[in-house]
Structure formats: C-alpha cells, structure tokens
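*Asks:* Residues per chain are reported as follows:
Protein chains: 4
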Amino acid sequence: MSFFERFTGSKQLARAVTAAKKLISERGESNSTSMALEVMQQFQKLEETQRVDFYRALALEFNPEPKDVLKAAQAYAEDPNARTLIALTKVAETPRQELLRRINRAPEGTRAILTMRRNLLKLLDKHPEFAAVDQDFRHLLISWFNPGFLKMHRVDWHSPAQILEKIIEQEAVHEIDGWEDLRRRLQPDRRCFAFFHPQLPEEPLIFVEVALLSEIPDRVGPLVDKKSTPLECEKFKVAAFYSISNCEPGLRNVSLGNFLIKRVAAQLKAEFPALKTFVTLSPIPGFMEWVASGATMEESVKTPALVERIQEAIGLLNLQEKGWHQRLSEGWMPTLASGKERDALSALCSLYLIHCSPKKGGNPVAKFHLGNGAKLYRLHWAANPSKRGLRESAGIMVNYLYDLDRVEENHERFVKGEVVYSRGVIRSF
Amino acid sequence: MSFFERFTGSKQLARAVTAAKKLISERGESNSTSMALEVMQQFQKLEETQRVDFYRALALEFNPEPKDVLKAAQAYAEDPNARTLIALTKVAETPRQELLRRINRAPEGTRAILTMRRNLLKLLDKHPEFAAVDQDFRHLLISWFNPGFLKMHRVDWHSPAQILEKIIEQEAVHEIDGWEDLRRRLQPDRRCFAFFHPQLPEEPLIFVEVALLSEIPDRVGPLVDKKSTPLECEKFKVAAFYSISNCEPGLRNVSLGNFLIKRVAAQLKAEFPALKTFVTLSPIPGFMEWVASGATMEESVKTPALVERIQEAIGLLNLQEKGWHQRLSEGWMPTLASGKERDALSALCSLYLIHCSPKKGGNPVAKFHLGNGAKLYRLHWAANPSKRGLRESAGIMVNYLYDLDRVEENHERFVKGEVVYSRGVIRSF
Amino acid sequence: MSFFERFTGSKQLARAVTAAKKLISERGESNSTSMALEVMQQFQKLEETQRVDFYRALALEFNPEPKDVLKAAQAYAEDPNARTLIALTKVAETPRQELLRRINRAPEGTRAILTMRRNLLKLLDKHPEFAAVDQDFRHLLISWFNPGFLKMHRVDWHSPAQILEKIIEQEAVHEIDGWEDLRRRLQPDRRCFAFFHPQLPEEPLIFVEVALLSEIPDRVGPLVDKKSTPLECEKFKVAAFYSISNCEPGLRNVSLGNFLIKRVAAQLKAEFPALKTFVTLSPIPGFMEWVASGATMEESVKTPALVERIQEAIGLLNLQEKGWHQRLSEGWMPTLASGKERDALSALCSLYLIHCSPKKGGNPVAKFHLGNGAKLYRLHWAANPSKRGLRESAGIMVNYLYDLDRVEENHERFVKGEVVYSRGVIRSF
Amino acid sequence: MSFFERFTGSKQLARAVTAAKKLISERGESNSTSMALEVMQQFQKLEETQRVDFYRALALEFNPEPKDVLKAAQAYAEDPNARTLIALTKVAETPRQELLRRINRAPEGTRAILTMRRNLLKLLDKHPEFAAVDQDFRHLLISWFNPGFLKMHRVDWHSPAQILEKIIEQEAVHEIDGWEDLRRRLQPDRRCFAFFHPQLPEEPLIFVEVALLSEIPDRVGPLVDKKSTPLECEKFKVAAFYSISNCEPGLRNVSLGNFLIKRVAAQLKAEFPALKTFVTLSPIPGFMEWVASGATMEESVKTPALVERIQEAIGLLNLQEKGWHQRLSEGWMPTLASGKERDALSALCSLYLIHCSPKKGGNPVAKFHLGNGAKLYRLHWAANPSKRGLRESAGIMVNYLYDLDRVEENHERFVKGEVVYSRGVIRSF
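Protein sequence lines, in the order shown, are assigned to chains A, B, C and D. Counting from 47, one number per residue, gives the positions in the first sequence under our numbering. Counting from 47, one number per residue, gives the positions in the second sequence under our numbering. Counting from 47, one number per residue, gives the positions in the third sequence under our numbering. Counting from 47, one number per residue, gives the positions in the fourth sequence under our numbering.
Among these hints, one or two may not hold up.
Pairs count within a copy or across copies, as identical chains cannot be separated in the list.
[As the list claims (entries may be wrong)] With a Cα cut of at most 20 Å, we get these calculated EDC-like pairs of lysine to aspartate or glutamate:
#1 K197 with E249
#2 K406 with E75
#3 K67 with E455
#4 K433 with E387
#5 K212 with D202
#6 K67 with E144
#7 K281 with E317
#8 K322 with E261
#9 K68 with D99
#10 K172 with E94
Note that these hints are calculated values from the structure, not bench results. What you are looking at is a predicted structure, and each value in this text was computed from that prediction instead of being measured.
With the hints as constraints, model all of the structure from the sequences given.
*Replies:* What follows is the structure in structure tokens.
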C-alpha cells in the first residue's frame, strides 16, 4: 500500500500518480508520448488540495533508493573508474528527472512542465519538503531553456498582438498603460527584445526594453514619455536598458536576463557601430528601508571614518522626527530637498550599493547587474519621482555600466564580495 | 601539476583543457558564451592525437569527488530528505555535464557537442575508460534531442537542396542513385519525413521513407523502382515504411526512430483516413549467418519438436556441401529454389525471428521494430534479390505491423522476452 | 514654353513635370527605376496648390495626339487588320498610362501611385477636367489589384499589431471600440478576412467581418457584443457577413468586395462543411429619407394597388405631424411602435428595397450585394437600435443571401433591373 | 452565324469561344472567377488544330468596332477633352485585353495566360494575322511582370530542389552539367539571382549568374570550372555577369534582364562595398559570319582608312583558301594563331562591335548590354575555346562594363546609334 493510497481516498490522485509511475516504467520507455499525455491530463483534473498530494507523491516516491546509492558511492570511492562512476550516476539521479523528461516528449509537454512548476512554487514556502522536487524541475529547465536553444527576437509593432499583449501585462518595472503607451516604446529609438523557446513560439520568456539615446539617462521620465519625439538614429550614442521583466513564473531561478542583456548589447552594437555605452537606469529597492533601520553595515567593512559619516548623515536626515516616511508617501519632491539632505542621502546610497549589494538578502537589482559583471556607474538625484521610486530610494536611481570587455573580470570580483564602481559614485562621501 | 601537464608537453592541449576548466569555474557561470566559444575554438585546433588526450582530461579531471559523494550518500542513507537528497544530487553529478551544458549555451554549441561526441565514439573501442565521458554526452543529448523539441517535416522536391543532398548521402537501407532516383521517392505516393532540431534547421537527424500502396508489399523492387508510375491517392490503403536511416552519428543510442515512425503514422492517418495498415518491409540481417553456424537456440526455448524441425531443415539445406555461401554471393535466384528448400528456409527464418530477436546481439532490425511494439507479421520469399539481401537472408524479407492501439502492450511483452507474431508467420513449421 | 512654365513660376513644379517627361522618354525605357524614384521624390516635395498644377500638367500634356489618333482610326476603319489595329492601339493609349507603369517599376512605386490617386480624388469634384487622368489611374489599378494577384489572409490575434491597428481605424460599419473590442471579434466564432497586395504586405485593402452562428441573425447587437461567449464550432450553421470595409481610398471604384465575400464563403465552407447558409446582416441607408420625401416610385413600376398601399402607409405614419424625425433622433424604441406602424414601415421598406435598389442613386449597400448576385432574403424589425440605425431605417435591417450556385443568374437579372427576393420579404404587403 | 461556326464544326472550339465571350459579358463582370476557370478548362481541352482556330477567333471577334473608334477619334479630334478622351480610350482598347484581365483573376490565371501565349508564339510565324492578339498579351504581361511587382531572390544550395532543377534545365549560355556542376556555381564566390512573380513562387522567370573575382575575367574557363577553389570574400573586387537566361518563353519581349542586372549590381555593392567593377564576360555571336560574308559596313560609317584596314585584314586571313570555317569547327586552337592573324581578327572584331551593334539584326548580346547602358570595355583573345565559341567568334569574348552612374547617358547615346567604348578596344586598329 503506497503513500497516496494510505493518506488519501482520492481516485483522481491515484490515477495521476499511477499514470506517472507507468510513464517511467519500462512500458513508458518506448511509448512515452501517449502515456505522457495521460499524465498531463490526469494532473489537470486534480483539484487544488489533490495537487499538494500529487507533489507529495512526487517528493516521496520518485527518489533514488538510499541503499543503492550508498553502495554505488562506496564502490566509486574504492575504485573511481568509468564503470563505477556510470553506476553511481545512474542510481543517484532521481527517477523524477526521467519522469519530467518523458513528459517533455509529448506535444505541449514543455508547457505542462512549466505549469506544474508554477503550481509547485506556490506551495514551496509551506512545504519545504518539496524542495528536492523543485530542484529537479529547475535542473532540467536550466538545461532546456539554455540560451543556446532560445531565439532572441525584436518585439515591435509588426509582432503578433498575442505577444504584445503579454508584454503589456508582464512589464514589471515601468507599467505600460495600454496599447498607445506600448506603441511609443516600440518606436525606432526604443527597442524591446525577448527570448522565445522554439516549443513556445508566441510566449516571451523574458524581455528587456532599451532606449537609444544621445547621453546617459539621468531620469526615467523621458524614457517612458508617451509623447516624446523619437530621436534620429544618427544621434544614438548610448543604449539604456531601462526595464527587464520575466514573463514565465515557471522559470524562477533559471537565469536568462544576463544572457539576454549581453546578446542585445552585441546585436545593437552590430546595428549601430556608433553605440559606445551600454548602461541601465535602475531602481534601488531596499535603500530607504535600510536607512530607516539605521543604515547598519557589517563589522568587517566598517572604518571609523565610515561610521562617523553614516552617523552624521543619519543625524542630519533625522528620519523619524521629520516624518520622512510620510513625506515620501505623500509625494515629497526630491527637487525641494536641501543641499545637505541631498548630500546625506547620496552618500548613504553609495555606501548602500557598494557595501550591501554583495550581502545576502541585499538589493536584488544590484545583485543582478553586478553579478552579470556590470559596474556601478552613476547615481542620479530626483531620477524617479513616482511613489514607488520615492518610497524605495527617495527618487534616486543608478546606472550600471556594461563594458563587455570587463564583464568577466567584474563578475569574478563581485563573486568574491567586491563591487566595482566608478569614482564618481563616491564623490559625495 | 595536473594530469595533462605531466603527460604531454602540448601547449595547445593545455589551452583547450584550461578553457574548459575556466568555463565551469565561477567566472563561467555568468559569462559562459564567450568562454564556451573559446573551448570550441581550442578544441578545433587540436590534432588527432591531442584529442585523445583531451578526452582523457575530460575522463580524469571532471569527475565527482569520491569522498564528497560518499559522505553525501551516507547522509542521505541516514536521513533521506529533501536537503540530503539535493546535496547528494549536486555532488554526484559529473562536472562534465555542467561543462557540456555551458558549451551548449554558445551559438553553434549544439553542433560542437555533436562533433565532439562523433570524435569520441571513434575512440571508445580502444579507450573503454572514456565510457563515462560518453555516458555524459549521451545523457544530455537524450534530454536535448527529445521528440518534444524536434520538428518533424516532410521532405520533398520543395525542400532545400542542402537537405536533399544529405538524404541521398545518408540513406542506409536502399541506396539512392542520384537526384533522379531521389525524385521518384518524393512523388505523391512516396513520402519522406525527417526530424530536425531547432538549432540545426537544415540537418535531418533521422528520416524514414514510406510508400503509400494498395496492398501490403511483398517485394522491395517495386518500392524503389525509379520508373514506376505513382499510384493515385484514392487507392492508398497501406503505408509501408521501407527505409529508416540515422543521419547524425553523434546521436548514437539516442533513440529517435521509434518516435518518428509513430508520429509519421499518426500524420498519414490524419491525411488519408482510408489508410488502415502500417507495416514495414524489412531486411533480416544475421539470418543466414545463424543458419550457417548451426541454427542454435537457447536451451530454455528448445522443445523436442523444434529441435527435430531444425535438424531436418538444416539437413535438407546441407549448406556447406551445396556451397550455399557461394551460390548466394554469386547471385542465386531464390525463385529457382526447390519447394522443399523454400519451406526449410522459411521455417528457419520464422524460428530465428521469433526466438532469437529478444536475445542479446540478435538481429537489430527486429529488435528495433519489436521493441517499438510492432508485431512480426509476414515473411516474403524472394523479396529482396540484391546481393546483400541474398547474403543476409536468402532474399527473404519481413513485414512488421504497427497497430498503434497495441504497441504499448506488444512492447511490454517484448521486453519480457516474448515476440508477438501473427499466425501466418508460423504456417511453414 | 510649355503649359506649366506659362502658368506658374514654380521651379518645384517644373522639376516634377520634367522628371515625369523624362521618365516616359526613350531614356526612361531602360533606366526607369532611378527616374521613377526621381518623379516620386519631386512629387512629394510639391505643396498642395502645386499638386493641382501637377495634375493639370498630367491632364494636358500626357494625352494622345488627336491627329495621329484620327489617322490611325481611319486606317483601321478602311482596313481593319492586325497592323492597323496595333498602330491604333499604340497611338490611342494615353502616355500617362506608360508613365504610371514606369513609376510602378520602382520600389514603393505602387504605394506612390495609390497616394497620387488619393490626392487626385480629393480634387476631382472641383476639377472635372481631371477625369481622364483618374480614369488612367483606375484602369491600371484594376489590372494590378485584380483578385488573382491579391492574397486573402485571415486576420486574428496572431496578426501583426500594425495590421490590427488598421482594422480598428478603418472599420466603417460597426465601430470597433479599442483593442478589447477587436479581440472579441477575432475569437473562433468571429472571423475577419482581408485582401493584401504582395507589394503592400501589411496593408489590408479591404476586410470583411463574419460571425459564425447557429441561426440567421436578426439583430446586430449580439454580433458585436464584446462580452458574448464564443459559440462552439460544432454549432456553426450560418456565416453572417456583418461588416465590410474598404481601407484604401486610392482604390475607389476598384471593386474587390465582391471577390472577397465569395472567396471567404468558399474558404469557410471548406473549413466547416456544416455551414450551409451565407447571409449578410445589412443596414438600409436612404430608407427613411425616401419615406420622408413621399416614398416616390417610378411610373413604370407603379400599379394602382401599390399606390394605394403606399398612400395608406404614409398616411398612417403621418411622419411630419408626429415628428418622426425627431423621435428617431432622440432614441425612439422600435419595440414600442404599434403593430400598425410596424406593418406600414415594413411594407414600405420591402418596396424600397425591391423597386428602388436598381435605380440610379439608390441604396449603395443593396446595390453592392444585389449586384454581387445575392438575394434579398429577410427584413428584421428592431434589429439596429443605434442612432444611425434609427435615423437611416427606423432600426430595420435586412439579410442578403449568397447562394453561390445562383449568384451568376441573380447578378444578370439585377443588371436588367430585377431584384431577386424571397417571398417572406413581401409578406407584409 | 459567327466565324467559328462557319469555319469549324468543332463543338469543343465553340465551347471555348463561348466561354470567352460569356466571360467578357456583363454576367462576367461580377462572377468572373468561375467563368474564367471555365475558359481555362475549355482551352485546355482543345486539340492543336482547334487552338489555331481559337486564336483566330480571338483575332477576329474581340476587336474594337472600327466605326465606333472612328467616331470617337473624330469627336476627340474636334474637341480634345476629358470626356472625349475617356470615350475614345474605352472604345479603342481591344475587348481581348479585358478578356485576359478577367482570366487573370482566377486562381492559376496568370499561369494560364503564360501558357496561352507560349502556344500563340509558336503560331505567329505562320499566322502573322495573330500579331494584334500577341500584342495584347504582351501589353498586359509587361504591366503585370513589371519589376516593381517581381521579387528578386538569391538562388543557392538552400533553395528548393524544384527551383534548382529549373536553373539546370534553363541555363542557356554555359550549360550546367548536373547537380554537382550547379553546386559549384552556388558557392560563396558564385552567385545566382532570379526574378519571381508572387503568383508563381517557385518559377524563376529569368536568372543571372555572377562570379565574384579579384580581376576582370579574360577567359570563361575558370568561371565555370567545377573544381576551382572558391575565392575568399575579402578578395572580391569585380562582379562578372557570365550568364543570363530567360526561363519563361511566354514572356518573350517582356524585358526583365536589364532590371535584374541592375538590381543585382546594387545588392552586391551593398553587401561588398569593395566591389568596384561590374562587367560581363560575353560571347560575340555573328562575328565570324560577318567576317565570312566580307565584313561589310554601311556606307555612312566607312572612311578610306577603315576600308583599307578591313581589306588588309580580310586579305591576311584569307578565310576561304585557308579553310577557316573547317579549322574552327575542328577545334582550332586560338593560342596557335599567328600574331598577325590575331591582330587582324581583333581589329575586325572591334569594328564589328562598334559599328554593327546598333544596326538592325546585329548581335543580340551586344544590343542587350549596350542598350542597357553598358560600355564596350575589353576584348579577350582565346577566351572561349569551345566549339560554339570558335565558330561564333574565333574564341574572342568581350567585357561590357556596367557603370551605374553612366548607364542612362550611355543608353541614350546607343539609342541614337552610338556605341560607347573604352579606348583599349581600338588599340589594335
């Protein structure tokens, strides 16, 4: 009597799990297409609570046999050779992976796997015991959605409405206000590129929006201004990545953004040789929260001078007394801040980005770009006066610079805990 | 001092291996595209002997650490849970797999991996110690060339010459004698379908040739007759798979044929609802060799009656004395055989197919179709009077029947050692 | 000194006309592409008043030479043979046609010609002397936009936004209220088909919207209801053409609608063999105006009975006294009409459609469909309660039936002045 | 009783002509598609002799009415205005043109018209009375196959076999010896471009073969050498058009080659900015025949010096006595000619090209390129030692140079009777 029969009386669940087991049996080896369809259909029929049990079955009944693994590991440790290694590899891989590979053989299999993972991810917080299941999904999705298999396409006004509609819905950074707004963002001086998987040809997986400019941008407003006049292409000097959005929640932690940005940069450079500078204009989530909680830093990086500078700035801002939180929420105008306030916030922001970005739990935008090998390049005051921009970072924004000749080195330094930054960033210290 | 520095003084080899190591380092995580290109380029520059050393480096230096694996296996055995399983999975997978995945991210990466495996396969006989390397290649290729990702396209006279040329070169069963011959095989009553990978859009991976007929074919001649008149499509009743050929040696043991045949059958059925019968017309390699070596069978299947029947047939044929081998080589006409000879050979052939197919080392064509779930359907005398056909099977050919409603069950019975056959096959016993 | 030098001092005009003359000279025979580009560019630079002069130059200076034509006509009349006919044809064709053909050879030439004609059509009312110029444009456009050259494509949510945007803008019958409204009209039970010219691949020239229904529609509301639930395709019995719109004003009087409707009908029939009935649901422009002006008919069709019936109906309605015009404008509800009013209006409407449609200046919608060979099929009370619908026809709408086996005959009868109608239409007499 | 009833008893002919008449009647206006199909089908059923009668019917019964034309011409002569011009144009155009336009509306209509003209052209020599019919076909085909509507595509090894097969069959200048030969001609340093009509997407209408070289070619051998090694693209300096072939006999006298060459030149220039020189390497048909018949020239161009030079050369060659004709036929080696012979032939050849090309009936290759605006550029001795090359021009070939900035002017000079040539050509005088 197996787990799921013991714990549930659900026939539908039994059907789904049975279909999965049949699929990884010998019988499924040769005829997996129809059996994979069966698994997909049975899974679809599960109600929400049954799905939890289905994932539980996946978590409990599709694992390597511990004894066999131990035996194979011992044999490999005693005599590490091709034979013992192959034996180990076979026995240590979870049967779940084979299950997913066989589902993927069916028409629409890839889509089904993404759906299954989307569901799973919602349960993961409550059910940490499903972590190994998720790990198997992720492992295979990384292999299948590798950038070598993905097609990068420009999205523009010639693209199918089907795709454009998804861009409107999925834009995560600077909301798109309907088709007219989108239209401006697809004019010749604005570009949008997305990755597509050959199996899902009308599903953008991730997309990036780029503004082609004559100068490094210092404010977000002009970039997303519906009524702005397109710049002539002879004047393009700078490509600014001003928004990057994931569209497929089933691909969480399958990193595609890094590859997309670099491929877009290479393609734009080929199209416009005069483009010399590739930067972002990025928000700084977490900054004001960090200030509000006292601008703490790790001991290891503290110096007396730094500590003093922070204390001074915090004192000057006097956040609580002055009701900053409310001021920001109510639409404080960064342009009305005093010079001293501005200096204090800027200095703190530099520190936050330089010292806190490599830390666990730090600002994810900084982590993403610095981890990609970008350089912390410039801070801009009053760059994003939206409510969210004020609340997150008092309206400050930052450029990260992508110098394709340096990204490898920068990435490596970042992994070791160092943030590469240009001198201008610490001007205000 | 690492292996390859000790054993070789080759700078080029060192460069290639170093590039590979860099690619799986932290540095390669984020910037794998350019590094993957580097590995591919360095590999290309290797001379043949250096390649052996490169594979040796792959075999020796990209393995899991035995101690770590053992420790993780012990932890998992003691407490099998998500955490210990994830830890085990990570440590037990070979770093080679990650290396190959990262190479695959580069443009033309998939092609490079196929090339590397083609080279490797040539060395495998002499270097069984590379078996685990090959296993890693195969493991990933199965995942990447899964039928869900492949596109099936009809190949016809509208296809690019690029593709047709490869069909001519790669046809492995009934040689195509130039473009005119190919042309006949692409007429409306002959179909050719191939699998393609999205990354290699003009490379057929495997293709099958089908004749649409009014009756089950009993001879190969009319199927490949350049001068035959195409049959009108209203008369199509039977689809005969008369040839299936792999085109990509780098995909050895990545089984695609099974999926291709079934997808073709489904598509033809949709196009011509009157098509009721899907059969092959297949050669029987190994049969005459088996007869010549005494028509031995395993003890387990022998019955006195069978043994007697075999002895009688062997006696009648009296192969050696009658110089059969030579007669067949010199173009013996099966139509001139005596009725008794014919009966004897037919009976032996049935036995060979029914009893020897599931055995190790048996006839690979039978193994393929029976393993796909086809049924042994009919034997045909004088069906293939080519030299090869005579030498292999005295000109006998066989139909395997694909009944899509039965393939699962048949496959399972075959895996257990049973050959499903129609009664007509044993008529001649 | 030519016309344009005498009448204008414009250098730009001179440049444009000179370019045109050069293009039809010997020099242009062999090198027309660059010269055609020159004409197009010079034309683009003309200001609005200069354009009038440019068309005047076209009207005056690119005509056949009257003497030559007369001579050729005499020769042909004396001895009508191949030689005299060829001579006549050459000399009687306007050099303007050759000019347009040469412009059309250039990249974007077709687009330029459509633009030129659009401009010309706006001037035609004021400048009847340009009629022969327009005739040349039209003559060639009919030849170039013939249905054999046009591609019919389904427009749906996979179509480029570029195309969909034009559909929204150009819908002339039932306004499309933004992208969401359009989306509903592209669901599986609503179809949209358009003609495209190979030279203008993202420009719909004319499109028709079709509803697939289970019954002949009697009201427009459900057809364009954004919130309606799509009908399952097994229930499709009737295809209703509920809107047809021309998109390209430069193609005025180049009839494409007839061909589009028939090709759509054929294609839908092939896709859904259960579709048996092809009808329109059409407005009746001009009807209330005709009633208001006394419901006059030509003497030839009048009979005493008819006259009496009309008088009776007119009297009952008593339009002026009852302030009908205002009632209709203010949103009169046809459902609130008395039975007698309803009968009177229906009877008059039948008479209007049957007797006035073939007349000059009659209702163009009726002319279009009856001229295509459709049959006047059914009248529907309260079918279109929009302001326009009430004003035009008191909310009455009509189905025209396309019976593809009868369209030739019906067309011929219509050309002779007879309207083919089903008996139901005259029920109310 | 109409013509065809009087002269033939053929029912089939009557059917075909009746269908044609019906198609241009009122009835055909609105329903031409099905009626056009009817004409096409009836035409197809005609036997060869009946076709002659069908064309005769076209020639006799689809003409403008002489009286009407005369009346309209008189009205136009008296008062040339828009109204009289439109009236004239309508009455003077042959109803045949409308017939062909309506046939063209049907699916495959364009193909049918090409077929009809192919048949007609074969009859034209015997039936000069069909000239006006042919004129109508040609007039419309020029309008429909204008270069603005045609797509130019590169033909290469990725093209459908369907297209490549036609290239092999239709190459008219340097025969292609099977698929391997073709393959060499599609390598990166050899290009092939063709015009296609959107209605006939797999039918090349005309194609040109180009060799990309480092120097102006002086012999044909290396250009068509199957075994030559492709030149690296960095070395491309010269594009040599070495072959141009029409594929569609139904398009005779519809000039496309001029446009094709110029569009190819523009495209190659865009792809390889280092390409500076565009030349042909062309045969000189008619040259030896002209020499043999005494190298006569028109009086108007003769000068005493010229006459003397010709006499001298003719005397030296002494064609008849030396049996030149036979020597050339038997494979005379131009490399073995004496210096004097070579000089004499070269001088005569220059004269032939410069003075005889503009004359009626002159060398069509020269007429084509010079008429396109090319310049006579260089003569090459021993450039084409094939039998045909020797017989036509004693193995001499010529480069015509396409200088796109000069083609207009050169064309105009050629039309006036002047051949533009480079000084090198007359070196040998």
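*Asks:* Hints first: check each against the structure and report whether it holds.
*Replies:* Now the hints, each set against the structure:
no., hint, result
1, K197 with E249, "both (11 Å within a copy, 18 Å between copies)"
2, K406 with E75, "between (44 Å within a copy, 18 Å between copies)"
3, K67 with E455, "between (47 Å within a copy, 16 Å between copies)"
4, K433 with E387, "within (19 Å within a copy, 62 Å between copies)"
5, K212 with D202, "both (13 Å within a copy, 16 Å between copies)"
6, K67 with E144, "within (11 Å within a copy, 28 Å between copies)"
7, K281 with E317, "within (13 Å within a copy, 24 Å between copies)"
8, K322 with E261, "within (11 Å within a copy, 38 Å between copies)"
9, K68 with D99, "within (18 Å within a copy, 43 Å between copies)"
10, K172 with E94, "within (14 Å within a copy, 55 Å between copies)"
When each numbered hint is compared with the structure, no violation occurs for any of them.
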